[in-house]
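**Q** Using the sequences and the hints given, assemble the complete structure.
Same order as they appear, the protein sequences are chains A and B.
Residue numbering for the first sequence follows the working numbering, starting at 1 and increasing by one per position.
Residue numbering for the second sequence follows the working numbering, starting at 1 and increasing by one per position.
The hints are simulated quantities; they were obtained by calculation from the structure and are not laboratory data.
There is no bait here: all hints are sound.
30 Å max Cα-Cα, derived BS3-like pairs, lysine-lysine:
id, chain 1, residue 1, chain 2, residue 2
1, A, Lys537, B, Lys53
2, B, Lys86, A, Lys536
3, A, Lys532, B, Lys89
4, B, Lys86, A, Lys532
5, B, Lys86, A, Lys537
6, A, Lys312, A, Lys153
7, B, Lys86, A, Lys535
8, B, Lys89, A, Lys537
9, A, Lys536, B, Lys89
10, B, Lys53, A, Lys536
11, A, Lys535, B, Lys89
All values derive from a computational prediction rather than experimental measurement.
Single-letter residue listing:
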Amino acid sequence: MRERVKSEAISSLEEGFDGVLGLKRRWGQVGPYLFTDPTELNEMEIEPKYCHAKAIRSLLESDPGLRIAAALRGCDVRALRELERLGRIDLGGLRVIDIGCSHEQARECNCEKPTYETLTCTGCWKCIDACPAGAIERINVCPILVPSEWNEKLSKRKAIYIPFPQAVPQKATRDSDHCLRTRGVLECKGCENACDAGAILPEDEARIDEIEVGTIIVATGYDAMDPTPLKQFGYREYPNVFTALEFERLSNATGPTRGKILIRDEAGGFTKRPESVAILHCIGSRDVHYNEHCSRVCCMYALKYTHLIKEKVGHDTPVYDFYIDMRCFGKGYEEFYRRCQEEGAIFIRGKPAEVTDQAIKPEEEGKLIVIGEDTLLGRRLRVPVDMVILCTAIEARADSTDVGRLFGVSQSPDGFFLEEHPKLAPLKTATDGVFLAGTCQGPKDIPDTVSHASGAAAQALALATRGYVEVSSAISWIDPDICAGCQTCIGLCAYSAIEFDHLRGVSVVNEAMCKGCGSCSGFCPSGAAQVKHFKKKQIFAELDGIIAAIQAVGV
Amino acid sequence: MADFEPTIIAFVCNWCTYTAADLAGTSRLTYPRNVRLIRVMCTGMVDPQYVVKAFLAGADAVLVSGCHPGDCHYINGNFKARRRIKLLKEILPRFGFDEGRLRLTWIGASEGVDFAHTMTQLVDEVRALGPNDVRSQMVL
Ligand SMILES: Cc1cc2nc3c(=O)[nH]c(=O)nc-3n(C[C@H](O)[C@H](O)[C@H](O)COP(=O)(O)OP(=O)(O)OC[C@H]3O[C@@H](n4cnc5c(N)ncnc54)[C@H](O)[C@@H]3O)c2cc1C
Ligand code: FES
Numbered sequence: 001m002r003e004r005v006k007s008e009a010i011s012s013l014e015e016g017f018d019g020v021l022g023l024k025r026r027w028g029q030v031g032p033y034l035f036t037d038p039t040e041l042n043e044m045e046i047e048p049k050y051c052h053a054k055a056i057r058s059l060l061e062s063d064p065g066l067r068i069a070a071a072l073r074g075c076d077v078r079a080l081r082e083l084e085r086l087g088r089i090d091l092g093g094l095r096v097i098d099i100g101c102s103h104e105q106a107r108e109c110n111c112e113k114p115t116y117e118t119l120t121c122t123g124c125w126k127c128i129d130a131c132p133a134g135a136i137e138r139i140n141v142c143p144i145l146v147p148s149e150w151n152e153k154l155s156k157r158k159a160i161y162i163p164f165p166q167a168v169p170q171k172a173t174r175d176s177d178h179c180l181r182t183r184g185v186l187e188c189k190g191c192e193n194a195c196d197a198g199a200i201l202p203e204d205e206a207r208i209d210e211i212e213v214g215t216i217i218v219a220t221g222y223d224a225m226d227p228t229p230l231k232q233f234g235y236r237e238y239p240n241v242f243t244a245l246e247f248e249r250l251s252n253a254t255g256p257t258r259g260k261i262l263i264r265d266e267a268g269g270f271t272k273r274p275e276s277v278a279i280l281h282c283i284g285s286r287d288v289h290y291n292e293h294c295s296r297v298c299c300m301y302a303l304k305y306t307h308l309i310k311e312k313v314g315h316d317t318p319v320y321d322f323y324i325d326m327r328c329f330g331k332g333y334e335e336f337y338r339r340c341q342e343e344g345a346i347f348i349r350g351k352p353a354e355v356t357d358q359a360i361k362p363e364e365e366g367k368l369i370v371i372g373e374d375t376l377l378g379r380r381l382r383v384p385v386d387m388v389i390l391c392t393a394i395e396a397r398a399d400s401t402d403v404g405r406l407f408g409v410s411q412s413p414d415g416f417f418l419e420e421h422p423k424l425a426p427l428k429t430a431t432d433g434v435f436l437a438g439t440c441q442g443p444k445d446i447p448d449t450v451s452h453a454s455g456a457a458a459q460a461l462a463l464a465t466r467g468y469v470e471v472s473s474a475i476s477w478i479d480p481d482i483c484a485g486c487q488t489c490i491g492l493c494a495y496s497a498i499e500f501d502h503l504r505g506v507s508v509v510n511e512a513m514c515k516g517c518g519s520c521s522g523f524c525p526s527g528a529a530q531v532k533h534f535k536k537k538q539i540f541a542e543l544d545g546i547i548a549a550i551q552a553v554g555v
Numbered sequence: 001m002a003d004f005e006p007t008i009i010a011f012v013c014n015w016c017t018y019t020a021a022d023l024a025g026t027s028r029l030t031y032p033r034n035v036r037l038i039r040v041m042c043t044g045m046v047d048p049q050y051v052v053k054a055f056l057a058g059a060d061a062v063l064v065s066g067c068h069p070g071d072c073h074y075i076n077g078n079f080k081a082r083r084r085i086k087l088l089k090e091i092l093p094r095f096g097f098d099e100g101r102l103r104l105t106w107i108g109a110s111e112g113v114d115f116a117h118t119m120t121q122l123v124d125e126v127r128a129l130g131p132n133d134v135r136s137q138m139v140l
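**A** This is the structure in structure tokens:
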């Protein structure tokens with residue numbers, strides 16, 4: 001490491017940089033020093049960690065023409081970039097010589113988050129080193145660019161990337177579907193060479209770990225509906241028609257526009273400020289052709305967008321909310337609706353019929369026109385805007401059926417997972433020990449998701465900490481006096497709960513394993529196997545009772 | 001014949017069809033009262049004897065209904081039931097029973113509407129078949 005830093009420092013001086021900022025031991029102490037003489041560089045130290053951002057700032061402030069190189073760690077670089085973003089510093093004259101932090105250092109600084117065995121990544125960001133050109137086009141050693149899932153494909157990411165800024169653990173991961181190395185296209189070692197922690201394992205592969213658990217919480221969430229099939233709203237046809245999730249990224253500080261609400265220009269780049277915005281509620285929700293259910297959160301996030309646009313783009317920006325009904329059901333929600341009305345947002349009751357770019361009036365030229373009806377005024381409308389946001393439905397995930405089967409959870413008609421009872425057991429499922437949390441059970445906002453999930457966690461823990469489980473009394477019993485020892489039941493039992501007692505020559509049910517399905521009782525040729533509470537005698541008595549009643553008084 | 005009210009015995013599994021029937025009830029859906037449910041834990045529990053006994057006791061039709069294939073709460077009980085009903089359907093006609101009087105359906109826990117609909121349809125069909133008089137012809 002030291003050698004590389006030193007050789008980069010030497011070449012910087014040779015290239016004519018005025019100096020190299022690094023560390024030097026003087027009077028028994030290591031401190032910052034501006035090296036100007038290449039021979040002095042022998043004395044350059046890289047340990048311990050020292051923050052240079054302040055020194056660089058004062059150096060560059062005192063002489064803006066200065067060109068210096070500096071041996072810096074990831075945290076320093078991030079600090080400088082932040083200063084640059086705030087306009088306090090111009091990094092034009094600075095060359096960064098990277099010092100990758102050691103694992104120990106990262107732990108000491110608490111820079112390190114919990115580690116997975118195979119990943120010794122310290123989260124130094126060196127492999128994804130931020131390029132001054134912007135967070136979107138992070139220049140790193142990896143040559144591959146893939147549309148970023150996190151940013152709803154509005155920006156690109158590398159084949160080695162940290163999934164999103166708040167990822168836990170905050171670690172780089174490799175996309176083996178795109179990485180040249182893992183695909184066997186090229187012996188690319190870009191990231192491997194850059195990573196000083198040695199965290200990138202060339203032969204590392206995804207693997208499946210089996211973990212034994214006592215309870216399971218299913219929290220698989222939802223899918224946001226793809227509005228492409230609703231052709232009338234022009235998603236994908238017009239570049240400035242966005243889904244709500246796309247808008248979410250556009251207004252987010254870590255998103256592709258760093259939180260500036262911008263629309264696409266003719267070239268497709270995000271550069272233009274929208275002069276007016278239409279927000280279309282209930283796209284694919286409360287619609288018999290797509291989802292009959294209400295997605296529950298859209299009214300409120302649409303209000304959030306209304307407020308954000310007013311705040312970020314300007315209070316004079318017209319925002320049109322096209323709604324069916326405003327459902328502001330939660331604590332403080334109605335008040336927020338009122339606040340948005342007072343901020344001047346225009347609420348139009350009526351679901352729009354179409355979004356088009358076919359202007360028929362001069363003021364519609366170059367705009368998207370939302371065609372709809374104000375059902376309160378009984379008037380047809382054409383509203384020209386620059387940006388259209390579609391509040392698309394929250395749907396059950398596409399893989400719900402498979403996931404449900406895996407855990408023995410059924411689905412409601414809307415596809416979401418079915419709770420055991422809508423009022424008395426909204427967190428439980430028909431399978432003991434499997435709980436539901438969040439939107440996999442039905443559309444919810446974050447407060448409701450958190451409440452639901454906390455409840456599920458508590459119930460799961462209650463079951464786990466007790467240390468024992470109660471088994472149903474309705475389990476099978478094989479009468480040893482009747483059992484002929486044919487062993488038919490053993491082959492039928494889906495839980496391997498029946499064993500053969502060779503000594504007595506009879507089959508015996510293991511009470512801890514039997515689930516009481518009655519496959520054995522249904523088949524037992526001699527009638528020895530019977531499920532308690534569902535014995536033949538009991539069923540026959542029930543049957544006789546039913547028939548006797550019908551014969552006495554009719555159906 | 002027009003005022004013939006069939007008696008139908010339905011063996012329904014606790015996890016799917018019974019829950020669906022419950023849902024039909026809490027959703028205030030109506031279906032003919034000719035169907036009487038006998039709850040079992042799983043269709044795999046339904047011994048062929050139960051079906052025969054129901055017919056002999058005077059049922060005009062017997063329905064066995066459980067979870068959709070693959071959804072059985074006990075892994076594969078409904079597959080076992082399916083095999084058994086198939087065999088029963090082959091055997092019953094030899095005793096003079098119309099095999100159409102034995103039905104097997106899959107109605108999932110959330111399908112309350114489907115449950116009410118299936119029951120209505122079943123009752124209509126059995127009404128068209130007329131009373132099950134095999135019992136009276138048998139020497140018991
Ligand atoms: C456009 C939009 C804006 C919104 N704005 C707001 C807002 O402002 N305020 C608010 O309160 N709510 C808002 N919501 C609602 C909010 O998104 C949800 O309430 C919340 O995300 C639900 O959390 P969840 O954990 O149930 O599901 P999710 O957030 O969907 O999380 C589920 C997770 O499970 C993972 N997963 C799925 N299947 C599997 C599997 N088989 N194995 C392993 N992992 C799996 C998924 O990858 C995902 O990470 C908004 C929703 C949308 C669509
Ligand atoms: S539990 Fe419904 S068929 Fe087995």
